[in-house]
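**Q** If you want the building blocks of each chain, they are given just below.
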Amino acid sequence: MRIISAMDPHLMIALILVGVFAGVIGAMFGMGGGIIFIPVLTIVFGLSAGEAVAVSLVGIIASSVGAASSYVKCGKCNIRLGLLLAISTALGALLGATLAGILMDWVLLSIFACVLLYSSVNMLRSKERIIRPADDDQDPLVFAYTDDKGTRQRYKVENIGSGLAWSGGIGVLSSLTGVGGGSLQVPLMNSHMHIPIKVASATSNYMIGITAMAGVLVFFINGYVLLDYAASVAIGAFAGSMLGIFISGRVRSASLRKYLAFILIAVAASALLKAGGIL
Amino acid sequence: MTLRIFLAAGVVTLLIGLLMPESGDSDRILWFGVLLLILAPLTGVFVTAVALMSERDRFWTRIASVLICVILLVVAVSVYI
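Residue numbers (my numbering), protein chains in the order written: chain A, 9 to 287; chain B, 7 to 87.
Just so you know, these hints were derived from the structure itself, not from any lab.
A hint or two may mislead.
Chain A side only, calculated, beta carbon under 10 angstroms to chain B, not exhaustive [stated by the list, open to error]:
| no. | residue |
| --- | --- |
| 1 | 102 |
| 2 | 105 |
| 3 | 200 |
| 4 | 236 |
| 5 | 239 |
Fair warning: this is a prediction, and the values are worked out from it, not measured in the lab.
C-beta atoms are modelled at their ideal positions from N, C-alpha and C, and glycine is treated no differently.
Using the sequences plus the hints, can you model the full thing?
**A** Dropping the structure here:
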């Protein structure tokens with residue numbers, strides 16, 4: 009184990025605040041918060057892309073598990089479906105974490121910027137697929153949830169094979185770039201697999217924790233996690249996720265989503281400049 | 007509930023580790039705190055698998071078992087790498 013030096017209190021507070029911000033954003037928008045962690049840790053705090061990915065994945069576990077425990081309690085999370093899709097995202101995460109140790113920093117940052125740009129475009133479009141009610145009780149892929157009006161709605165999960173394959177790809181990107189993958193997983197579940205958007209967001213939050221765990225294990229077991237950095241961002245992310253759940257019930261997230269998308273485009277541009285050695 | 011217990015235990019342990027004076031012990035406490043955080047989702051999967059088994063939901067118990075096997079494979083590969 010690497011013996012760490014005592015952390016500067018100002019640095020610790022700054023990292024906790026970054027964690028709080030990422031946790032709020034993650035809980036409000038069904039993401040893990042990696043889109044905040046990676047650029048801040050690499051550009052502001054000067055970590056290498058590999059170090060930032062490992063620290064980010066620990067922060068993502070803290071924020072997503074915090075949010076998921078609330079979503080499971082209120083019944084919006086489809087745990088069964090989450091378990092099924094997590095099989096392929098976990099396998100993908102293992103592959104991604106292995107590749108992250110091989111690829112150069114500029115390649116990782118460039119992939120991260122592309123994921124960020126794609127997520128931003130998804131946020132700006134934010135088209136929700138309206139799901140038709142299902143009626144087959146015997147099908148294990150028919151589920152039910154209670155909507156905002158208190159009505160019990162049934163839905164059937166479609167395209168399960170291709171959904172699993174895409175989820176595997178998202179798992180690779182997740183641990184390769186240190187993002188949770190929620191910004192990719194939620195549109196996939198809603199548009200392609202016909203899962204209601206609220207269920208998709210809650211289930212994605214549950215899955216992000218499992219995917220991040222699978223990704224961070226490689227880094228953790230091999231001693232690549234900067235423990236003091238990871239501890240600070242995890243504490244902040246946990247507090248932020250609790251704050252995010254509190255805020256999300258009180259503000260309209262649709263307009264915030266648009267602003268966040270523009271911020272992400274700027275962050276993607278910064279990551280590309282950093283990858284090119286300009287920043 | 008299990009998720010919250012592991013998460014809270016992990017965060018409290020990390021806080022203790024960060025606030026302790028610099029030593030080998032504080033490093034070990036931080037390491038243990040991160041381990042608790044990492045174990046939180048895994049424990050959640052185990053608890054869900056047991057709950058599905060008690061509901062005699064064979065199809066989804068099998069899915070949960072496959073996921074547990076995949077996670078164990080990830081651990082094994084991580085150690086090997």
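**Q** Now tell me, hint by hint, if it's right for this structure.
**A** Here is what the structure says about each hint:
1. At its closest, the beta carbon of residue 102 of chain A sits 5 angstroms from a beta carbon of chain B; the interface hint therefore holds under the 10 angstroms criterion.
2. Interface hint at residue 105 of chain A: satisfied, since its Cβ lies 8 angstroms from the closest Cβ of chain B, which is below the 10 angstroms cut-off.
3. A hinted interface residue such as residue 200 of chain A counts as satisfied when its beta carbon comes closer than 10 angstroms to some beta carbon of chain B; here the least separation is about 20 angstroms, so the hint is violated.
4. The interface hint given for residue 236 of chain A is met, as the beta carbon of that residue sits about 7 angstroms from the closest beta carbon of chain B, less than 10 angstroms.
5. Look at residue 239 of chain A: its Cβ gets to within about 4 angstroms of chain B, closer than 10 angstroms, so that hint holds up.
The earlier numbered hint that this structure contradicts is number 3, and it is the only one.
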